[in-house]
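Protein chains: 2
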Amino acid sequence: MKDEKIDAIFNPKSVALIGASNKEGKMGYVFAKNIIDGYRGKIYMVNPSEEQVFGLKCYPDVRSIPDSIDLAVIVIPAKAVPKVMEELAEKGTKAAVVITAGFSEAGPEGKKLEEEMMVAANKGKIKVVGPNCFGIYNCNIGLNASLGVGTPPQGGDISFVTQSGAYGMAIFAFALDHHMKFAKIMAHGNKAGIEDYEILRYLGEDDETKVICLFLESVNKGREFLEEAKKITPKKPIVATKTGRTAGAARAAASHTAALAGSFTAYEAAFKQSGIIFARNGMDLINIAKGLDWQPLPRGPRVGIITNSGGTGVELADLCEEAGLVVPELSEETQEKIRELIPPYASSRNPVDMTPVWPKFVELYSKIIKILYESSEIDIIIPIILQRAAMMPEVCQAVADTVNQCLASDRKKPTYVCWVSVRSAQGNMDILQKNRVPCYDWPERTARAVGAIYGYVEFLKRRAISFEGR
Amino acid sequence: MKDEKIDAIFNPKSVALIGASNKEGKMGYVFAKNIIDGYRGKIYMVNPSEEQVFGLKCYPDVRSIPDSIDLAVIVIPAKAVPKVMEELAEKGTKAAVVITAGFSEAGPEGKKLEEEMMVAANKGKIKVVGPNCFGIYNCNIGLNASLGVGTPPQGGDISFVTQSGAYGMAIFAFALDHHMKFAKIMAHGNKAGIEDYEILRYLGEDDETKVICLFLESVNKGREFLEEAKKITPKKPIVATKTGRTAGAARAAASHTAALAGSFTAYEAAFKQSGIIFARNGMDLINIAKGLDWQPLPRGPRVGIITNSGGTGVELADLCEEAGLVVPELSEETQEKIRELIPPYASSRNPVDMTPVWPKFVELYSKIIKILYESSEIDIIIPIILQRAAMMPEVCQAVADTVNQCLASDRKKPTYVCWVSVRSAQGNMDILQKNRVPCYDWPERTARAVGAIYGYVEFLKRRAISFEGR
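Heads up: the protein sequence lines correspond to chains A and B, in order.
FYI, the numbering for the first sequence is 39 to 508, going by the numbering used here.
FYI, the numbering for the second sequence is 39 to 508, going by the numbering used here.
Don't take each hint at face value.
Copies of the same chain are indistinguishable here, so a pair counts whether it falls within one copy or spans any two.
[As the list claims (entries may be wrong)] Using 25 Å as the maximum straight-line C-alpha spacing, the simulated DSS-like pairs for lysine-lysine come out as follows:
#1 K398 - K64
#2 K398 - K61
#3 K51 - K129
#4 K71 - K219
#5 K150 - K121
#6 K80 - K40
Just so you know, the hints here were simulated from the structure itself, not pulled from any lab data.
In isolation and in its complexed conformation, chain A is listed as follows:
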């Protein structure tokens, strides 16, 4: 059964904004705007010096709100937070997102404030996100209770938990650039009132979350966290990266390589055992999530590479093998089918190198993808779309259409694009990614993302869990 307090964070019937403001530039203004923008439940503005905020009645304090509150969003100065938390507790508030900074991250005085705040919250059994955090989203109901600008599009499958607000939001912005869609997002800062395993359990049970993404600096209650992960990973993938240690120790950690490396390795090993996909950094994290979300899981490690540049094909083949994948020789039969299409000086071997015959790109990418899709020799297809090919929107459209036609058949097989191009051609990536064909920047990022995805399949295989049809 879902944790109803955590559910109140993401699916509140009512939201109270403590510190709402009409003054542009104020936190209370940003949050009022963000919440009103897409959220369709009841909204209560709270601020003793305002009558109305954004046209909504503004209450002088929490007590005056005539109704119960599911979620309180707090943006008032740290010193005032413990008292408000008491009032929220008295009202039976279910959850609170405390954006305000100046708590335990700011020294002993702040630590004391954080403790006082948590005493009040615990007394009222309020689930606290934060303090010192970026906030939360439930994109699928249009709820933006975060510092982020704009409410992301609905219809997302990826839930994303990030301890680092700014870096997390950079990853998130990058993901939006790539047309990824999210379900729930939480940037939980100091993590004073919520354990990592609790949020993990909630997302594990959440039907709208198909892929769980974690950007971690520290892990609270590691044993419980890993136990929870073990229950989830057979059902849905968890991708996680881990940088430094706690925010405070990060600088020290960085100057002690041995300790850091040890910790890294320990995390990597523990994660792997629990079936968590370990991402080496934030960029890999989002790339892996994209591939998991948009394409079916590969049934095996055998990669078929299609390229318009021999050199890039060779580099990608090297890097795929390094990432635990296999780039096998194609059978004479399959090569014969390909040879009928390509110029005589091109190569039907794997990588299939069509050479830069741009007038034939649309036809060749489509037909060769289909041949590899239908071949039992290949589990994963990676077309390299480089330079001239990337500059041709019709090539991108043809690849997107072909991949989705293939996926509509019974036999599921993933395609990931290795994208190598200049800035001016980036717009053509949109054609592919709006059609859920993931594009990765240059061979290394491609190989690493695909290798990590196949690592998850290997985990499922070891546990004898079927991954067909995913």
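Let chain A serve as the given structure and place chain B on it in line with the hints.
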């Protein structure tokens, strides 16, 4: 003394285009257009079926050209090439770039043609680039004898040799997007008439080449190549990457991981011993070259990180340490200077985390860069410019100005920017890179490029070679 035949490739007094054409879409058209565009020496068009090409007199054959030829550029079909090469030999032509494909890469018949061509070339002591290649540039004299569109801007220091035409040109296009400038470029395809060590020696002696960049699939005469490299690396850096093996063996190589890995490691070790900077892939290659070209060499491994996102700072610190750099604690004295500037909840430790106080970004980036520049505790400065900071052109301008003010002082110290942002903000990178402040995409690529650059400094230190003032 410079090899005068190779010099004729890059600095010809006259160029003959064999196969010149007025028909759009033909190779002979592309090359005629490219050569006329920027080259100021004598140009002779050759084609028996044209009277004029692009308004220039067209000769029916090589013999009819009334003058001597320094460089012949050949785009006629493979079968006709050996005979033309004989005629060129009779005329005493110094060098030829053979673009035409269909030679040894296309099977036994092509191999025979290549041998015939080389017999003729060797008889006349013609230096041959190619066949089956993309061509050459000397950007500093506006000579584009390649398939590439447009002549790159003059004033470049980087020379780039690539065996893979298409991938090489993708790297090159990426580099132009990043405002890099080149001296000489050669894509030499089958390498029938030129040894790797010869071109290396030439570039080693070329005063216009400050950084040598090599994208290799195979290395001919490895011992001579490494000997040549050993002579050059104390004077100027060589950056090289190595994928697969020969183009033909690449597919097979990829399916034999052990052999491949062995070969890779062997190359890496041999390169390192000769002081060559080993790049793991094409993207790293160009990133390393950019840092070498635009910034002075670091005197030590101590990195000072300035960030507007704690999480990114931690990730970058981790990755820097992994790349052989050090992210040391700052002295109390230096921290005190920084603390006077930043908000109380920010961090003066290393990474210096100014937090997302965007109204103060311009001031803080500038002042903290200066403090670290003047401090004896730090050898390398890496500002992270993330999201909001990246979206502010005034921040990019301030960083560029500050770096160049600092570099104008006596004490040289490099700055490299870790860039984390969305597509729409990429234009602001131009402000930095036009000012020769290198930007790298996300922490991993940054740490790896800077680590590789410092690896070269370590080589110079081991050999007791001064790198001050570079």
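- prompt: Hint numbers the structure violates, sorted upward?
  reply: Hint check: nothing fails, all pass.
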